[in-house]
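**Student:** Next come the chains, spelled out residue by residue.
There are 2 protein chains.
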Amino acid sequence: MVSQGASTWILQEERFDMAALGKCESVMCLGNGYMGLRSATEERYTGEKRGLFVAGTFNRFLSNTETDNEVSELPNGADFLEMEILLDGQAFSLAQGTIKDYSRALDFETGELKRQVLWVSPTGREYQLDFNRVVSLKNLHTVAQKVIITPLSSDADITISTGINGQITNSGSQHFAEGPKRFYDRRYMQLVQTTTHSGIDFVFTTDVSLSQKADTHITMDRRKISSVYKTAVKSGASLIIEKITTVHTSRDKQSEGLDTAALQVLALTALKEQSALGYEKIAYQSSQTWQEKVWDNIPVTVESANPADQLALRFAQYHLQIMAPAHDNRMNIGAKALSGEGYKGHTFWDTEIFALPYYIFSQPATALSLEEYRYLSLPGAREKAKLGGYTGAQFPWESAWLTDGEVTPLYGAADIITGLPTPILTGLIEIHISCDVCYGVWQYYTATGDEDFMERSGYELVFETANFWASRLEPGNDGKLHINNVIGPDEYKDKIDDDAFTNYFARWNLWLAMEYYDHLSQENPALLTKLDPFINYRLWETKAEQIYIPKPRTDGVIPQNQTFLGLKDIDLAKYKNQEHVGSIYRDYNHEQIGEIQVCKQADVLLLILLKEEAFTPAVKRANWDYYEPRTLHDSSLSLSTHCILAADMKDHRLAYSLFRRCCNIDMGPNPLSSNDGIHAGSIGGIWQCAVLGFGGLRLIGDKIRLSPALPENWKRLSFFSYLKGQKLKIDLTPDTIRVENLTKTAPVELEINGITHVIADVLEI
Amino acid sequence: MVSQGASTWILQEERFDMAALGKCESVMCLGNGYMGLRSATEERYTGEKRGLFVAGTFNRFLSNTETDNEVSELPNGADFLEMEILLDGQAFSLAQGTIKDYSRALDFETGELKRQVLWVSPTGREYQLDFNRVVSLKNLHTVAQKVIITPLSSDADITISTGINGQITNSGSQHFAEGPKRFYDRRYMQLVQTTTHSGIDFVFTTDVSLSQKADTHITMDRRKISSVYKTAVKSGASLIIEKITTVHTSRDKQSEGLDTAALQVLALTALKEQSALGYEKIAYQSSQTWQEKVWDNIPVTVESANPADQLALRFAQYHLQIMAPAHDNRMNIGAKALSGEGYKGHTFWDTEIFALPYYIFSQPATALSLEEYRYLSLPGAREKAKLGGYTGAQFPWESAWLTDGEVTPLYGAADIITGLPTPILTGLIEIHISCDVCYGVWQYYTATGDEDFMERSGYELVFETANFWASRLEPGNDGKLHINNVIGPDEYKDKIDDDAFTNYFARWNLWLAMEYYDHLSQENPALLTKLDPFINYRLWETKAEQIYIPKPRTDGVIPQNQTFLGLKDIDLAKYKNQEHVGSIYRDYNHEQIGEIQVCKQADVLLLILLKEEAFTPAVKRANWDYYEPRTLHDSSLSLSTHCILAADMKDHRLAYSLFRRCCNIDMGPNPLSSNDGIHAGSIGGIWQCAVLGFGGLRLIGDKIRLSPALPENWKRLSFFSYLKGQKLKIDLTPDTIRVENLTKTAPVELEINGITHVIADVLEI
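Chains as they are written, first to last, in our numbering: chain A, 4 to 768; chain B, 4 to 768.
Keep in mind that the hints were calculated from the coordinates and are not lab data. Hints are supplied without guarantee of correctness; some may be wrong.
You can't tell identical chains apart in this list, so a pair holds if it fits in one copy or across any two.
Here are the simulated lysine-lysine pairs, DSSO-like style, with alpha carbons at most 30 Å apart [claimed, not checked]:
#	residue 1	residue 2
1	LYS52	LYS227
2	LYS577	LYS216
3	LYS233	LYS579
4	LYS577	LYS233
5	LYS233	LYS52
Computed from a predicted structure; not experimentally measured.
Whenever a hint applies, use it, and build me the whole structure from the sequences.
**Tutor:** In structure tokens:
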């Protein structure tokens with residue numbers, strides 16, 4: 004159970020709970036975009052899930068069997084956090100003895116994890132143990148640990164065993180061949196492991212220092228290197244252990260061209276430099292970087308009657324910072340970020356629809372890097388289109404390394420009735436990802452005006468996704484073009500025809516290609532010549548004209564797909580109030596749910612949120628009133644969409660309750676919610692609820708709109724936003740709006756409550 | 004800490020000890036020669052090492068790195084023992100709460116493992132838990148578990164999660180690709196995993212039944228399938244859970260030609276049959292088989308003042324029974340049997356020198372199977388000879404699957420000074436294994452007179468090993484032929500020239516080939532024609548004449564090798580009395596030990612034990628007096644050799660103390676001694692001490708000798724022995740000898756205390 008600590012900067016666990024090990028490991032995960040380190044404890048427990056993930060280091064577990072279902076995934080690297088601590092011969096473990104005082108706390112302000120335990124051993128001796136840990140945001144390769152042990156009852160014999168353990172697997176799949184293990188200068192430990200298929204070297208180097216002399220011996224085991232330190236500590240005195248570790252891989256840009264031996268040297272040199280700084284300096288530098296990059300630069304501040312709101316927004320900004328591999332445009336964000344094995348480190352539409360807005364508005368350079376990843380993935384997307392018999396670029400539903408192409412597994416768990424494995428269809432037919440990628444480009448360009456990116460990459464992405472849609476459309480008996488056999492965002496329904504979300508967006512993708520073509524004809528005809536192989540203007544135009552678009556009924560309701568509105572309507576009250584996701588599955592199986600008017604998330608509402616300008620307020624209202632009651636929010640992605648729309652609808656109570664539910668996806672009481680990692684999309688959603696929903700900052704067509712709708716218990720919301728290269732400070736109260744252009748090199752146009760303002764300096768309303 | 008239980012049939016752990024998990028898992032290992040199942044507990048603990056090994060299912064972990072040091076090894080199969088037990092919401096774990104009563108006991112008589120715990124949960128509720136488990140000796144594929152849970156304080160809500168978990172690795176190396184997972188009839192769980200390189204399918208099928216109705220749901224995870232059962236149990240009533248599991252692999256002879264799907268069907272059918280029997284019937288059948296095969300058939304019985312002696316002999320017979328893959332002659336015994344990952348399941352000379360005598364005398368059919376393994380390995384041995392530039396058959400120092408050839412790893416742990424990995428030389432130069440294999444053939448033939456085996460396999464093995472030696476000898480400046488750059492049984496010394504053990508045995512190997520040739524010339528000339536390609540009589544003769552044989556000095560001492568007797572002599576008292584093996588390494592490194600007259604085990608003494616007829620009693624005595632004081636018994640194989648010789652020397656006290664030390668290799672107080680598995684060779688040694696040492700049953704030249712020398716505290720020793728196809732019962736007291744020929748189809752010649760007796764019925768002396 005996690006809760007607020009001493010301030011809204013601090014997320015804490017008050018009581019040690021063996022049943023919630025996985026949750027704390029995930030929600031208190033440390034990282035810096037280069038790596039993510041689950042916050043496993045130094046001592047080991049059954050039920051723990053230790054994990055270290057380095058962005059972009061994908062590998063596929065080798066196999067020679069026909070039943071193979073392995074796909075490229077982010078391998079779980081060696082563990083260096085572990086310390087076996089013997090206190091007077093007794094292994095330190097909170098499963099035994101008595102815990103007199105305990106707290107574990109992650110301080111978002113500094114990025115430091117602290118655990119403090121006052122422990123009485125089974126033999127009755129008392130010890131104070133303080134554990135501090137930081138993954139440096141300043142030096143992306145560095146992890147620092149500091150452990151302080153103070154015997155309180157009597158002098159103590161203390162033995163510490165710690166090193167680097169490469170026996171870690173991804174739930175049993177071992178991605179690494181064992182490489183060299185080295186001791187240097189009888190002090191520095193180094194372990195190399197190499198991914199079996201992609202051949203990426205991981206080099207772990209570590210240095211352990213104690214505050215007093217200790218008998219030391221060094222040991223090696225399979226995939227493992229460690230040192231044992233024995234010493235005696237006076238009662239009341241403290242033994243301080245510092246462990247500084249660096250992580251390097253041959254995938255790092257700086258390592259390009261280096262062989263393993265050279266990488267080992269580079270790593271050792273880096274470790275020596277970092278180790279010379281010591282824990283406190285490393286932690287201080289990292290904390291300073293947190294201030295510079297996030298808390299002094301782009302804080303989201305809320306004055307709420309419920310302090311958990313501010314805590315949640317800091318939680319969101321913290322994780323959005325550590326999940327993004329901003330250092331390398333060959334990488335993107337995984338659905339569980341770098342915080343667990345869930346979804347194998349794969350990138351989904353979650354990036355464009357749920358996370359990207361944060362970066363576009365807050366850290367445009369990171370947004371650019373994420374967009375460039377999609378551009379660099381174009382070869383795989385073209386390959387996927389070709390394999391399906393299409394042209395242009397069809398983006399994989401799940402993406403890993405640039406050249407991996409589609410990495411969605413083919414089979415999931417077995418059907419409990421037939422006992423046979425169920426096929427996973429998303430990689431085959433959840434094709435809206437290609438317009439989501441196009442929407443990402445549009446969002447980025449609209450908010451930033453970054454013409455340079457567009458010329459290098461953006462236009463080509465839009466043209467090539469348009470080409471995919473042009474080839475994907477199928478003629479129907481009605482003389483229209485259809486998109487059949489797909490899955491929309493509402494994954495309760497599969498193999499459906501004319502999904503409103505997909506069809507609308509496909510047409511918009513074609514339109515956008517035409518619009519950008521027209522724009523370039525005016526502004527940059529030379530570029531059009533260069534992009535000529537990707538341009539099929541007449542085809543786009545013809546296809547867009549013929550595409551079947553589900554029209555609103557007379558009551559304004561847009562059919563989610565060809566069959567939805569004809570399905571059975573049942574009383575959903577029981578599931579709407581569910582405490583756990585998926586409760587409807589206790590009463591109905593997937594096939595039966597397919598026959599009911601119920602949505603996991605509402606396709607039509609998401610469409611209306613993302614493309615509001617295409618619909619009248621009456622249609623928006625009609626669909627809200629129809630679909631929201633039929634939506635169970637069984638996707639962690641659903642809550643923010645519906646929160647924002649509820650805010651638009653001025654249903655403050657529902658909006659706020661959806662916001663709280665969104666916060667609770669990871670921070671709530673369910674101890675198992677985040678075992679496989681945090682929910683990157685819903686964390687982007689927490690920020691979206693606040694800034695896009697309550698703050699009302701939105702991209703509508705080619706305009707930027709601000710229409711605040713603060714919840715009743717919020718007295719103030721302020722945040723920073725980059726728009727067209729200008730940094731704005733936006734300060735909102737229930738009665739006032741203040742927008743300050745901090746950059747002041749160009750005025751920014753903003754539509755506020757229906758009136759367009761040009762903000763060169765400060766606007767107060 | 005393990006000790007004797009209620010009788011000398013029972014090995015027990017009286018107190019739960021987290022620090023000795025690995026030891027109990029090994030010494031209480033269950034098995035049947037087909038599989039070995041480490042006795043891990045149902046509930047999991049950190050520090051445990053769960054393990055299931057199926058004989059002969061070798062696989063090599065794939066790797067594409069230059070630093071690769073992986074070799075073919077026995078993969079650790081899926082775990083099905085685990086049961087997560089929730090008692091009123093509290094996970095059952097002996098790390099928490101209070102243990103009011105505890106015992107864990109392995110009954111050698113029945114092969115059944117029982118654990119009984121009276122446990123008070125952290126919330127103060129009391130429960131009795133009984134765990135029973137058996138690996139069937141009757142049906143080699145079956146494992147049965149029975150768990151009885153009795154809440155004592157109040158009615159209890161009990162939840163059990165159990166299934167098949169394929170996430171297990173060999174210390175982080177994953178040997179399996181994930182295969183199909185199936186539920187059949189919503190009841191039977193099945194998981195398939197396939198070795199990545201050798202492509203062996205493992206099929207685990209299991210059935211769980213409860214004594215009362217329970218809410219059940221089934222779940223799947225990566226490499227994992229399981230069921231959850233929830234039920235309420237009245238205070239004082241018992242919930243009984245039976246879990247019957249079968250293990251099949253595509254390496255099984257009965258599975259030859261079956262594809263995975265067919266094997267799955269076979270496994271399911273087998274499981275249903277076994278499950279229909281239920282736990283008690285399976286356990287009873289297995290226990291009956293133990294009686295028939297071992298305890299009623301070939302018991303070794305001792306009346307000793309120290310009951311631990313009888314316990315140790317039963318421990319030895321138990322493990323010798325479960326370690327031998329008697330069902331399949333393509334398999335042999337690993338140095339750690341099937342009880343752990345140590346030595347990777349590889350077969351060493353331990354089989355021929357330390358384990359084989361037990362089978363030859365007690366279970367000749369098993370001995371035959373082990374000999375046939377060597378014959379079937381001939382292609383690999385020929386390949387190894389050829390690779391080294393030799394002819395004939397050079398057996399690998401470490402063997403795995405028949406076609407694997409040499410599987411000794413190339414590198415061990417790093418040198419702590421240089422930090423670089425140290426090369427492992429045994430696979431390259433510990434070449435005496437080839438004469439050990441020849442010695443195995445000779446032992447088997449001499450004891451059994453099995454001419455059929457010799458004609459099919461034995462003669463060829465002897466001729467081809469002779470051919471290897473003929474090609475391996477190197478001419479020296481002295482006009483003699485030498486064997487340079489080897490490691491003898493004394494592994495303290497490496498890269499040595501003219502090791503007495505190796506040179507004597509090489510000549511004997513050549514002589515034996517000649518002797519068998521002469522024999523066949525008389526008895527079976529037709530066979531000689533068939534074996535002609537392997538016969539080089541003149542060459543053997545010439546080489547044997549010229550081979551350099553280290554002669555006894557005038558004082559009778561035979562130089563262990565060219566340099567040994569010139570090395571430094573130091574006071575070894577401190578290491579002779581060592582409590583832990585390897586204590587000399589605390590003061591000297593390997594290079595320094597190479598410069599001291601100290602033996603890990605004494606090559607010359609082992610030579611004299613195995614080939615006594617070649618040495619005079621005076622030479623035997625002189626070497627005993629010289630070498631034993633210089634021997635640290637730092638090999639688990641050393642103790643039995645020296646115990647037997649001490650018995651020969653009538654040093655009863657030393658003999659008995661070496662016997663006890665031999666018993667304590669696995670059963671002694673060191674909690675870490677057996678973490679990686681039991682010591683198969685020293686377990687053969689426990690039996691050797693008793694039967695070959697104190698009983699004095701020995702093969703001397705072509706004679707069988709009996710010369711008892713019971714320890715002072717033994718009043719009686721009786722055992723059974725197969726000789727020349729006759730089963731003898733041998734009953735010894737300090738004053739009497741009684742030998743009964745039970746088979747009576749042929750008289751058996753036995754030299755007893757210098758006099759040859761022909762025993763057709765009963766002899767009493």
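**Student:** Each hint needs a verdict: does it hold in this structure or not?
**Tutor:** Here's how the hints hold up against the structure:
Taking the closest pair of Cα atoms, LYS52 and LYS227 come within 30 Å of each other both inside a single copy (18 Å) and across two copies (16 Å). Taking the shortest alpha-carbon separations for LYS577 and LYS216, only the inter-copy value of 28 Å comes in at or below 30 Å, while the best intra-copy value is 64 Å. Proximity of LYS233 to LYS579 under the C-alpha cut-off of 30 Å is restricted to the inter-copy arrangement: shortest distance 27 Å between copies versus 58 Å within a copy. When the C-alpha separation of LYS577 and LYS233 is checked against a cutoff of 30 Å, the pair qualifies only between copies, where the shortest distance is 24 Å, while the shortest distance within a copy is 59 Å.
For the homomeric pair LYS233 and LYS52, the shortest alpha-carbon distances inside one copy (28 Å) and between copies (25 Å) are both at most 30 Å.
Checked against the numbered hints above, the structure breaks none of them.
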